[in-house]
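First residue of the sequence shown? That's 352 in my numbering, and the numbers climb one at a time after it.
Any given hint could turn out to be false.
What the hints assert, rightly or not - Computed Cβ-Cβ distance ranges for the label pairs, DEER-style:
#1 Arg397 to Asp545: 20 to 30 Å
#2 Ala445 to Asp391: 16 to 26 Å
#3 Pro551 to Asp419: 13 to 23 Å
#4 Ser389 to Ser532: 29 to 39 Å
#5 Lys362 to His524: 30 to 40 Å
#6 Val552 to Arg381: 19 to 29 Å
#7 Asp553 to Gly398: 13 to 23 Å
#8 Gly360 to His406: 30 to 40 Å
#9 Met407 to Leu456: 33 to 43 Å
Calculated from the structure, these hints are not laboratory results. Glycine included, every Cβ here is placed at the ideal spot set by N, Cα and C.
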Amino acid sequence: MSVRRRLRGTKVAVLAADGFEKVELVVPLRALEAAGASVDVVSLRRGRIRGVNLHMPASRVRVDVTVDEADPSGYDALLLPGGFINPDLLRQSAAAREFVRGFVLRDKPIATLCHGPWVLASAGLLEGRTLTSWPGIRDDLVNAGAVWLDQELVQDGNLTTSRGPQDMTAFVHGMIEAFSSAPAQRAAPARTSDRQRDTPVDWAVGALHWSPKPSTAAVASIGLAAAARRALRGRAAA
């Protein structure tokens, strides 16, 4: 079957919040659409959510449906992009945690990378699972009951994971494969985790070192936007 038709008729939810790593949402989303899938961006609020390139603000993505409105039974698969802000917000949302649990209960495929597995950990879904992630959250996932492997792609039943943007080619291929076929055989639960790395990921350290300082205007606009959202929530509560 043509790659462009492989996911025809498949409906995928992309669960993300402000602070998603842009490449980890946009590249997989475009690959899904190119394969024929119908994709909804699901988030904590309506409107548009802001992406980041590491610590720098990036472009925004339109939200199709809020997590309070979305129903896991209406989707065939779930994509959880990373970035360290996005999953930190999602894991604090009871609605987001319940949404993710709905896919696991129905044995629907989930693909996530980088810090995305944080959401699975907070939803209580990692006991006995084998996966990978951004190396910096390895201990969090192991403490949540997972077996962690330092590999570019790990597939365990309905769960497909990668470490981060450096593994994007393998991740997209594994995601398309998982979303278009039956769940892979569960990995052996007796495997032990790979050890924590001795040094941080070189390219990430270098990128942060050489990236420009955020402008005063950019920082101010982010602060004003956050203040406006708090004010709106306060008015709604009143």
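query: Which numbered hints turn out to be false for this structure?
result: 1, 3, 4, 5 and 7
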